[in-house]
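Trainee: Residue numbers (the numbering used here), protein chains in the order written: chain A, 135 to 525; chain B, 94 to 292.
Mixed in with the good hints there might be a few duds.
Claimed, not checked - Ranges of calculated distance between the beta carbons of each label pair, as one might list FRET restraints:
1. A:423 to B:112: 51 to 57 Å
2. B:235 to A:177: 51 to 57 Å
3. A:458 to B:251: 56 to 62 Å
What the hints assert, rightly or not - Covered by chain A, per the in silico footprint, the following chain B stretches (three or more residues, Cβ under 8 Å):
4. 95-105
5. 117-127
If you're looking for bench data, these hints aren't it; they were derived computationally from the structure. Glycine is no exception: its CB is placed at the ideal position from the N, C-alpha and C atoms.
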Amino acid sequence: MMETLDQIFVLLSRWLVGFLPAGWQTAAGVVLGVAAIVCLFPALFALTVLLERKGLGRMQNRIGPNRVGPFGILQPVADGLKSLTKEDIVPTRADGVVHFLAPLVLVTAVFMGFAVLPMGRNMTLVKMDASLLFYFAVGAPTELSIFMAGWSSRNKYSLLGAMRAVAQMISYEVPLLVSTVAVVMIAGSLSLDKIVEAQNHYTWGLPHWYIFTPWGFAGFVLFAIAATAETNRSPFDLPEGESELVAGYHTEYSGFKFALFFLGEYLGMFSVAGLGATLFLGGWSAPFSFLGWVPSWIWFFAKLLLAMCAFIWLRGTLPRLRQDQLMNFAWKFVLPLAMLNLMVAALWHFLGHGWARWVICSAILAVSYVLLAWAEMRGRRLGPRSYRYAG
Amino acid sequence: MLGEGILKGLAETAKNFAGSFVSAERLTTVQYPEERIAPIEATRDFPFLVYDGADWEAGLRCVACQICEKECPPKCIYIEKSTDKKPDFTGKPQFYPARFDIDISVCMSCQICVEVCPFEAIKMDTEFELSTEDRFAGLLFDRKQLAKPNEHYRKIHPAEAAAVDARLAAEKAKAGARAKAASDAAAAKAAARPAEGGD
Numbered sequence: 135m136m137e138t139l140d141q142i143f144v145l146l147s148r149w150l151v152g153f154l155p156a157g158w159q160t161a162a163g164v165v166l167g168v169a170a171i172v173c174l175f176p177a178l179f180a181l182t183v184l185l186e187r188k189g190l191g192r193m194q195n196r197i198g199p200n201r202v203g204p205f206g207i208l209q210p211v212a213d214g215l216k217s218l219t220k221e222d223i224v225p226t227r228a229d230g231v232v233h234f235l236a237p238l239v240l241v242t243a244v245f246m247g248f249a250v251l252p253m254g255r256n257m258t259l260v261k262m263d264a265s266l267l268f269y270f271a272v273g274a275p276t277e278l279s280i281f282m283a284g285w286s287s288r289n290k291y292s293l294l295g296a297m298r299a300v301a302q303m304i305s306y307e308v309p310l311l312v313s314t315v316a317v318v319m320i321a322g323s324l325s326l327d328k329i330v331e332a333q334n335h336y337t338w339g340l341p342h343w344y345i346f347t348p349w350g351f352a353g354f355v356l357f358a359i360a361a362t363a364e365t366n367r368s369p370f371d372l373p374e375g376e377s378e379l380v381a382g383y384h385t386e387y388s389g390f391k392f393a394l395f396f397l398g399e400y401l402g403m404f405s406v407a408g409l410g411a412t413l414f415l416g417g418w419s420a421p422f423s424f425l426g427w428v429p430s431w432i433w434f435f436a437k438l439l440l441a442m443c444a445f446i447w448l449r450g451t452l453p454r455l456r457q458d459q460l461m462n463f464a465w466k467f468v469l470p471l472a473m474l475n476l477m478v479a480a481l482w483h484f485l486g487h488g489w490a491r492w493v494i495c496s497a498i499l500a501v502s503y504v505l506l507a508w509a510e511m512r513g514r515r516l517g518p519r520s521y522r523y524a525g
Numbered sequence: 094m095l096g097e098g099i100l101k102g103l104a105e106t107a108k109n110f111a112g113s114f115v116s117a118e119r120l121t122t123v124q125y126p127e128e129r130i131a132p133i134e135a136t137r138d139f140p141f142l143v144y145d146g147a148d149w150e151a152g153l154r155c156v157a158c159q160i161c162e163k164e165c166p167p168k169c170i171y172i173e174k175s176t177d178k179k180p181d182f183t184g185k186p187q188f189y190p191a192r193f194d195i196d197i198s199v200c201m202s203c204q205i206c207v208e209v210c211p212f213e214a215i216k217m218d219t220e221f222e223l224s225t226e227d228r229f230a231g232l233l234f235d236r237k238q239l240a241k242p243n244e245h246y247r248k249i250h251p252a253e254a255a256a257v258d259a260r261l262a263a264e265k266a267k268a269g270a271r272a273k274a275a276s277d278a279a280a281a282k283a284a285a286r287p288a289e290g291g292d
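Required output: the full structure, derived from the provided sequences and hints.
Mentor: Next up, the structure:
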């Protein structure tokens, strides 16, 4: 019974496809999978927007939206209808084609990433040996799309926002990749399915997730920081900093195109949260061995939503960074630690199965974190904000 | 230590989040159309014209002196002076506004008209639910819409209205005394004249 429930989507897809002639079945299966992803994640997006608005409200001692439907649960529907019916304004002097293409490129590129995420046992749309590489390769156009949006709008705020976005996303792409390489080194595979399999073992009922190792924990924290910056999420939301840039690269977008940008941003968060869960939190594997009977896809989406809650919590807490703080943090703190984490992961691999590797690896990471933080704070490159006024 | 502040901040927001479900006094939101807070004494938004008695047209205190019209910084007041006169609250014949319009879409609620008025005829109202479908005619108030009884003034600004009422009463008493003195003097003069004539 539980086996069936675990594989329910796979079986459902197989049953539906079974109605078609044999030659069409493979293609139809893929189309079905794509349709499921394209429907599911925007639905999750609506849920997350509601969670975010209510949650942020509570964090600021407000009630949050509570007018549309009971407890405001229909708010996303109202928001969606509003953006659908709004006038779509294109600036007269904008580059029409690029302006039109930018949101499409963003959403398409972000959706592509979901193809390789294992959302449950046997629930990877495209099984690939180098799926991690594929994920990052298809994710690259998101930067391009943001720059397209900023450039084609012919608006100084849009362009500044796009410049910031490109600088930020390229800077944080490096630590994002480097922190995932440690996982690849230990798991010995670029395939996300194999990485999940490698973590799906239990000792004394506890899972072998990579986050429970010193290098994995450090890697996860670095990955989370880089992922937050990569998705232009607060506190790294400089590309759309309302207080200084109106709305950044999507200043000149309205109506449904703006909604697409909004959707793309949240889909990017889902996708990167899914990747983080897959790499460090054991993907679809259960957190305790006695919970193994719960369908695997529930665990994946639970981890995804938990990550979204963390994103919301961070947004409700942290103020926006300044551009130089952002860059210093990326190149002088996150990247060196990510590089060091690679070394530590290698050390972990070669130190064998004793307790020694736990002590050594943890000590190296903790000491380097403390020392690097101390040095950077002393150099006033990181740490509390200080302002020098002219005159 | 780097990251300490972030943890502290996260704890603070978590406390807010959890606390907002437990303690009602954390949520300060007043859900407006259903719940309202009584306006404070000094609340003001747009001017209105005070009238005494039951008939708004007869009771208007305004004498169409047009000081407010001239002083109004955004020039939102338009007054047409009457050609005839009517007695004011002391009984003295005065002009009255044949037309008195305020465009509240222009008014900036500065209260200068109230401060310059020598007749306590224009005061600030607290009514703020003035949205309308016609943004031109719907926001241009004529003297009928502007006229509100003194009772309304007493209700919205009790302390201020009491002071104004006392001042007006004193003025009226003084004017009455002066009129009485004048009529007494006239009567005395009239009484004295026959004696003179008889001389």
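Trainee: Next, verify each hint and record whether it holds.
Mentor: Verification of the supplied hints:
{"no.": "1", "hint": "A:423 to B:112: 51 to 57 Å", "result": "violated (36 Å)"}
{"no.": "2", "hint": "B:235 to A:177: 51 to 57 Å", "result": "holds (55 Å)"}
{"no.": "3", "hint": "A:458 to B:251: 56 to 62 Å", "result": "holds (57 Å)"}
{"no.": "4", "hint": "95-105", "result": "holds (count 7)"}
{"no.": "5", "hint": "117-127", "result": "holds (count 5)"}
In the structure shown, a violation is registered for the earlier hint numbered 1 alone.
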